[in-house]
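Top to bottom, those sequences are chains S, G and R.
Sequential numbering from 870 applies to the first sequence in our numbering.
Sequential numbering from 169 applies to the second sequence in our numbering.
Sequential numbering from 104 applies to the third sequence in our numbering.
Don't take every hint at face value.
Just some of the chain S residues that point at chain G, by a computed CB distance under 7 Å [to be verified]:
1) 928
2) 930
3) 950
4) 953
5) 954
6) 958
7) 964
8) 965
9) 966
10) 977
11) 980
12) 981
None of these hints come from the bench; they were simulated from the model.
Bear in mind that the values here come from a model prediction, so they are computed numbers and not experimental data.
Glycine is no exception: its CB is placed at the ideal position from the N, C-alpha and C atoms.
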Amino acid sequence: MSSDSAGEFAIETLGLTKRFKRHGAAVVDGLDLRVPRGSVYGFIGLNGAGKSTTIRMLMGLLRPTSGGCQLGSVDPHREPVLARRGVGYVPDRITAYAWMRVSKLVGFCAAMQPRWDSAAVGQMLQRARIDPAQRVGKLSKGTAAKLSLILALGHDPEILILDEPTDGLDPIARDEFLEHVIGSVCDRGRTVMMSSHSLADVQKMADVIGLIHEGKMLLQARTEELLAGTKRIRAVLDDVSLSTAASAARPSALVWSRIEGRQWTLTVRGSTGESVEQVRALGAKSIEVQDMTLDDIFRDVVRGHAAGHLETHRREAIACS
Amino acid sequence: MFMMLIRKDFHLQLPVLIASGLLFIAPTIIYLIIDAAISTPTTEQEPLILALSAMTMIGVLIASLTIPAFVGVAAARERRERSAEFLEAMPVRRLTIVTSRAVVALVCSLMPAIVGTFAMATLMWVESGISKGSESGTLFPNDAGQLFLVGFATVLAAAGVAWFVGSLIRSEVLAAALGIGVPIAVAMATSIAMSRMSDEVIYRLGIYRDGPEAYAFAQLAIAIPCLIAGTIIALRRTSP
Amino acid sequence: MTTNPSNLPVFQQVADQLRQKIAAGIFRPGEAVPSIRTQATALHINPNTIKRAYDELQMEGILEHRPGLGLFVTAAGAVKANTQTAQVLLATFANGVRIGIAARLSKAEIDSAYAKAWESLTDTPGRAIHQEITP
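Given these sequences and hints, build the entire structure.
Okay, structure coming up:
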């Protein structure tokens, strides 16, 4: 891992592993995560894939079983206090003292941080229409989320880590929250690492995507490259080619494929042209290539991984009459 | 920064502080009034004095039970309410966080400890005044120092058990309950052990059969490991 | 290789949308377009993506950068936007034709569908339909 202060990656992990029981399954398994400095990193995965565990290890809240990580070129396990000074952390639900008033909580956080911009925080609270006299426990989910973000930005950190921040927020609250996040990125060159289930948002906001599944990093790529390089191929087969397609060699860049009636749908990544040729060679007619959304890609990657890159022969009834 | 943590920890102890205060008020005030009104008790007033002394003792004892409650809150409350996670994500050393909790628990415990000691001392003074007139022997041994040693060791054991349990389990109530129960159990166990041991063993151990040393040692044997273990766990463990 | 328009890269969608707005006269030559920050926060899109879209429009000569002031529609911007929009239209029409071919429609049937579409939209003159990126 790079150890120079102006490293290429703001956040890095190397072989990060976490096992909760000595011989149990690894919740995070040899993760190599790299967040380029100044980028917005979308950390996506199913529930229980290991996103929160990874983030907690990055924050120094959980000790890894093996492997290491760096936060702004500081090891959060050797120097937790120093590492946290440069990071703003927004957990998935607000855990601050419910009995404190907002103003008191802000004062508390200000006292804990060596650097704090009270004026900026006050402005952000005003813009977000948060009542400083309100008790933290009585805030709505959306307001609490915005407050968490404001508190995380109070010490103007270089890195912002958000753990499923829009989970459970209503659409308006979600919009407002994301506006604040983007705003903070525009204000200064911040590195943002955001884990989220909202793939539509991640597609729009992230520069780099990291897909974690069962503790392993299945893919890590720039959003643009991923979206441009992953295509869905739909081919219509006749009954003859159907049987050959079933047993023939798979296109090498295959992510996921299935057969439905006479339609063969496959998702390929990289070398799309070659894959189209291979499909054509297998005797398919009327080949169509489509772009995919991040949501589509995510589902197919996860399903493809589960199926071990094997084709599922689901010959659905051609006519359901 | 440390003062901010101290203020936060005092706020967390408020419910127990209030309970502790209330438990003290009734018996202590009554006792002090009686004490002021009657300087040398007559033989008719003896039973009244003794009854009131008993009440005060009970009040003091109950109030002392809040000491493990203070410690339990310090160890477990924030982890139960999940605010420990919030604090742990801050750029503050664990040692600072744990020290603040321990200091506040200690200061809060001083109130019942001091008032309890004062009440006990006054009680002993009253009792010695009564017993000068009677020949039935004294309630308390002459050596007040040893009595206080046992009392202190017991309180330390109570605090230690509450601290240790509170660092493992997210329940200040359970921590306090065990902090009350375990020292009592230890005292009873010591009593049974003493009555069963032969004179020879007792002589070799260098203690008196009816003396307070055995009790003090037994309580300290619980207190010290619990305090150490609890502190280590509090410093190293992170919330799930 | 044909593509489904709604799955275009985000920067492309942003560029197309702004181009269409300029062609429609929503932003006139000489007027400022929303800043990158405003667009990014309103649509929850990465500012780099917005910048890329704006860069493309600058390269096409539709927008120009005035130092210290921001981005403005050029004098010829509206005309250029019209031309560019015609290109985008090609992809949309191609998509429609593709659907027709896949459903084994004849050219005559596809042409008639186009004519019907034109009729339905132009019977009330000036009514335009925008397909926008929703935040």
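ask   = Broken hints, numbered, in rising order?
value = Violated hints: none; all satisfied.
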